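So the sequences go chain by chain: P and G. Residues 20 to 233 (our numbering) are what the first sequence spells out, left to right. Residues 12 to 305 (our numbering) are what the second sequence spells out, left to right.
Treat the hints with care, as some may be off.
To be verified - What follows is a set of in silico ranges between Cβ atoms, one per label pair, in the way DEER data are often shown:
1. G:E211 - P:E159: 29 to 35 Å
2. G:A251 - P:H222: 52 to 58 Å
3. P:S91 - G:G150: 55 to 61 Å
4. G:D21 - P:L211: 47 to 53 Å
5. G:A97 - P:R146: 28 to 34 Å
6. G:G150 - P:Q33: 58 to 64 Å
7. G:R108 - P:N55: 55 to 61 Å
Unchecked claim - When the alpha-carbon atoms are kept at most 25 Å apart in a straight line, the in silico BS3-like pairs for lysine-lysine are as follows:
8. G:K127 - P:K190
9. P:K27 - P:K41
10. G:K127 - P:K27
11. G:K277 - G:K217
12. G:K127 - P:K185
Hints in this document: simulated from the structure, not taken from any laboratory. As the structure is a computational prediction, the values presented were derived from the model and not from experiment. Ideal Cβ placement from N, Cα and C applies to all residues, glycine included.
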Amino acid sequence: MKSMTRQKPMEEIQQSLEGLDKIFVVGCGTCTTLTNTGGVEQVAEMKGRLEEMGKRVTGATVIPTACDDMTSEAMKENEAFIRAADAVLSLSCALGVHRLSLYLDKPVIPAVDTLFIAVEESPGYFREACAQCGQCLLGETAGICPITACHKGLVNGPCGGTNNGKCEVDKERDCAWTLIYNRLKEQGRLDLMRKYQPPRNHHVALRPRVMIIQ
Amino acid sequence: MLSRFAEALDSGRFVVTSEVAPPKGTNLEEMRHHIELLKDKVDAINITDHQSSVMRFPSLGGCLAVIEAGGEPILQMTCRDRNRIALEAELLFAYSRGVRNVLCLTGDAVPVGDHKEAMGVFDLDSLQLLKAIYRLMDGEDLGGNKLDGAVEFCPGAIVTPEAQPIEPQLIKFEKKVEAGARFFQTQAIYDLDNFSRFMEYARKFKVKVLAGIVLLSSARMARYMTENVPGIFVPPELIAEMAAAPKEEMLAKGIEIAGRTIAALKKGNVCDGVHIMAIGKEAVVPDILAAAGL
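Just need the whole structure built from these sequences, with the hints factored in.
Given below as C-alpha cells:
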C-alpha cells in the first residue's frame with residue numbers, strides 16, 4: 020500500500036510560504052520516497068529551489084516513516100534547526116503533515132498533494148484499490164472494486180458509457196464492470212452480477228472517522 | 012391514473028417520442044418553439060437533463076413548459092447531480108406539477124461536460140432510482156418515512172443494444188426490468204439486423220422498447236459518433252450513403268435515412284415505437300415523421 024502524492028506547483032508552495040523566510044524541510048522514507056516526491060533527492064532539490072526563492076533553509080531531514088510515532092523522535096533530534104525556522108515544509112503525504120503537526124507548534128506546510136491510496140500492481144503501475152468505503156463488495160465483484168475502478172462508483176453494473184471494455188472518461192481506462200463481468204464469468208459466478216445492490220450507506224463510520232482499539 | 016404516455020404504450024400502437032434540450036440560459040423561446048412543433052405530433056417529449064454533463068436550464072423546467080403547452084413530458088433524471096434527498100424531493104415536485112413519466116439514467120460522467128471540476132454525485136444509480144420511484148409510489152421515502160401524499164409515475168430506463176460486449180448491458184437491462192421499468196428508450200440504433208436480434212431477446216420481457224433514432228446531419232457527424240460515442244455504431248454503408256449526398260442535401264439524406272429506418276421498424280413490427288433524437292435539429296422532427304409515413 021502506498022500513499023500516492025504529486026508535488027504542488029512551485030508557485031503554490033511559494034504562496035504558502037509568503038512571509039515565512041526560514042524553512043526546515045522534511046521528507047519521508049516510505050511512500051514519498053518510493054514515488055519520488057519526497058525522498059532524499061527531492062528534499063535536496065527542494066532545498067535548492069527554496070534558496071533560489073531567497074529562503075533560508077535551516078535544515079532538512081528524511082524521516083523513515085513520517086506518519087508513525089517515531090516522528091516525534093526525529094523532531095527532537097532536529098529540534099534546534101526546527102526552532103530556528105519559521106515553518107516546516109513537508110514532502111511527506113498528508114498523513115505525515117498531520118503527524119508532524121501533532122509535535123510542532125510551527126506551521127507545517129505541505130509541498131505535495133495526497134491523491135489516493137494505491138497498490139503497485141506491476142513495477143511502477145500504481146492503482147487506487149480501496150476508497151475505504153466501509154462496505155466491502157470485493158467478494159461479490161470478483162476482487163475488482165467498483166467503487167474505485169468505476170469512475171462513477173456504480174454497484175449495479177455498467178453504465179451506458181462503456182465502450183469496447185473501456186470507460187467514457189478515458190479510452191485508455193478499462194471499464195470496471197467489463198472486468199468484473201469477465202472475471203465473474205470465468206468463475207461461473209455471474210449470478211452475483213444479477214443481484215440488486217441497494218443504495219450505499221455513506222455513513223458506515225460517521226465522519227470524522229475515529230476508531231479506538233484497546 | 013395512467014399517464015397519457017402510459018396509455019399510448021398500453022394501446023399497442025406504434026409509439027413515438029422525441030426530445031428537446033433546454034437552453035443554456037433563461038431564453039426559453041427556442042425550446043418553447045420546439046415543444047410547440049412536436050407536442051401534437053409525438054406521444055411524449057423527453058426533456059434532457061444536463062445532457063453530456065453540460066449545465067443548462069433544468070429538465071423539470073422544460074417539462075413544465077411542455078405541460079403549459081398542453082404536451083406530455085418525460086422527465087429525464089440522472090443521478091449525477093443530486094443525492095437521494097434531492098432526487099426524491101424533485102420527484103415529489105414533478106408529480107405535484109403534473110409530470111407523470113420519468114426516464115431514469117445514471118448520467119454521463121462529469122469530466123465529459125463543461126463543469127469539469129464539479130463533483131459527480133451518483134449517490135444512487137439508474138436502477139436504484141427506479142426502485143426509489145416505486146418506493147415513493149408506495150407512499151414511503153428512502154428513509155423509511157411515510158409520505159403525506161404519494162406519487163404516481165410511469166418509470167422508464169435506457170438500454171444500449173450496440174454495446175460491446177453486450178452481455179453486461181443485458182444483465183443490467185434485466186435488473187432494470189425487475190426493478191419495474193415499464194419502457195425502454197434505446198441508445199441510437201442504425202444496424203437493423205443487430206437491433207432485431209436484440210429485440211428477439213427483449214421481447215421475452217414485459218416491457219415496451221422504443222428504438223433510439225438519432226438524426227444523421229452529415230457524414231462527418233456519422234463518422235464521429237461511430238468512432239467516439241459509446242454504444243453507437245453507424246454501419247459503413249450508411250456513412251457512405253451520407254458522404255455521397257451533396258453537402259446541401261446531407262440533412263435531407265439524414266432525414267430520409269431516419270424516416271426509412273422508422274418505417275422499417277414499424278412495418279416489421281420490430282419494436283413498440285421509436286424515440287427520435289434530432290440533437291440541435293429538433294425543427295426537422297416533423298419532416299422525419301413525414302418521411303416515415305407517420
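Each hint tested on the structure:
1. G:E211 - P:E159: 29 to 35 Å: Holds - the Cβ-Cβ distance for E211 of chain G and E159 of chain P, about 30 Å, lies within 29 to 35 Å.
2. G:A251 - P:H222: 52 to 58 Å: 56 Å, holds
3. P:S91 - G:G150: 55 to 61 Å: 58 Å, holds
4. G:D21 - P:L211: 47 to 53 Å: 35 Å, violated
5. G:A97 - P:R146: 28 to 34 Å: 32 Å, holds
6. G:G150 - P:Q33: 58 to 64 Å: 59 Å, holds
7. G:R108 - P:N55: 55 to 61 Å: Holds - the Cβ-Cβ distance for R108 of chain G and N55 of chain P, about 57 Å, lies within 55 to 61 Å.
8. G:K127 - P:K190: With Cα atoms ~17 Å apart, K127 of chain G and K190 of chain P stay inside 25 Å; holds.
9. P:K27 - P:K41: Satisfied, since the Cα-Cα distance of roughly 20 Å is no more than 25 Å.
10. G:K127 - P:K27: 20 Å, holds
11. G:K277 - G:K217: OK: K277 of chain G and K217 of chain G at ~19 Å, within 25 Å.
12. G:K127 - P:K185: 20 Å, holds
In this structure, only the earlier hint numbered 4 is contradicted, and the remaining ones agree with it.
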